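Going down the list, the sequences are from chains A and B. Numbering-wise, the working numbering comes out as the position in the first sequence, counting from 1, plus 222. Numbering-wise, the working numbering comes out as the position in the second sequence, counting from 1, plus 4.
With a straight-line Cα cutoff of 27 Å, these simulated DSS-like cross-link-like pairs (lysine-lysine) come out:
1. A/Lys291 with B/Lys48
2. B/Lys48 with A/Lys299
3. B/Lys48 with B/Lys75
4. A/Lys244 with B/Lys48
5. B/Lys48 with A/Lys271
6. B/Lys19 with B/Lys66
7. B/Lys19 with B/Lys87
8. A/Lys271 with A/Lys299
9. B/Lys82 with B/Lys48
10. B/Lys48 with B/Lys19
11. A/Lys244 with A/Lys271
12. A/Lys244 with A/Lys299
Hints are computed from structural coordinates only; laboratory data are not their basis. It should be emphasised that the depicted structure is a prediction, and the values quoted were computed from it without experimental measurement.
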Amino acid sequence: AQSVAQPEDQVNVAEGNPLTVKCTYSVSGNPYLFWYVQYPNRGLQFLLKYITGDNLVKGSYGFEAEFNKSQTSFHLKKPSALVSDSALYFCAVRDDGATNKLIFGTGTLLAVQP
Amino acid sequence: EAGVAQSPRYKIIEKRQSVAFWCNPISGHATLYWYQQILGQGPKLLIQFQNNGVVDDSQLPKDRFSAERLKGVDSTLKIQPAKLEDSAVYLCASSLGPGANTGELFFGEGSRLTVL
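Same shape as in the complex, but just chain B (with noise of 0.2 Å):
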């Protein structure tokens, strides 16, 4: 069974320029989440997409972050501008929809951001 893939796993912008994350979740979950994992403390959520639709985005900040997932299979987390502390690893992750979700998370490798 193939697992969630993430692109790129690596990435180097300066201040204020764009980037964007993809994410492909494990086939037939219904959940998706990006997490944001800041060196030394653990993953913070981002924003939970129920299918496409999105179920909890109250630590994204909607300023400079949006996320979508149009379809409700594949997703994309874009940061515009960027900003020195947005520098993290941005883990995506899938789960079996509601009535089956006991909350194991099945996490990709994720996408390194560095901002300078």
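In isolation and in its complexed conformation, chain A is listed as follows (with noise of 0.2 Å):
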């Protein structure tokens, strides 16, 4: 069954700095993989996704995620933090089977000190 995991429930960084939030997925076959954030009191919105191409993706609001089949990861990435960007991050794989379902991960609430 596909799945992923986020291992850090929180990711502290200081404004201006990078910032990581890790993802790592179990599929079979080629995964699709996805970016989710939800600010608080809000529905999820999509972020970036990855189907197949350059292991570089590229979304919005400066985020981008690196695609690493080796190491299984698909972690997302901003060169320089911002308050703004403090939120709840999803990552997300969509489901082998006939449904197409996404498949969310537990979510890593990111922190950004001004």
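Fit chain to chain and form the complex, with the hints in mind.
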């Protein structure tokens, strides 16, 4: 079965510093991987996805993610963090069954200090 | 373009009572999902519709949860009777249908349920 793991419950970073939010995956076949962000009292918003092609994927709000097949990882990155980036981040994988549903990780809370 | 609409945003009920949540997806989106997000956990799929047909309800507690999408547009999720462990945010999402769906889902703001 497809799954993703987010090993960190919380990541703290100072504004202006680079940030990384980690995600590892377990799939049979080719992975379809996603990152979503959830601001307080809001629904999830799509950030970026990896389907195929370049291992470095660029997304919304200056975020990017690096797909690493050998390490089965899909870490989310940003060169310079903003206080407004503080939110809950979810990694997800598309299920390989007929429904193509998304299976989400447990989430990582990103706290950016001014 | 209007997003996914959900109501109510907040609901507080006592255990054994019933509750219903409504969702209107983005116009033209054939696929509709209901996810349950318990505090501290990632969203878990409860049910997925393709137009007005159910394609996945394997994790829906059918003894108490029901959902319908009669005309293939808006949908209702009902819980009867509610249990304490049903306290969660219920997220509705929609996406384009097969052939155009690369997996990107569009979520509503969610309905937060508190069961006392």
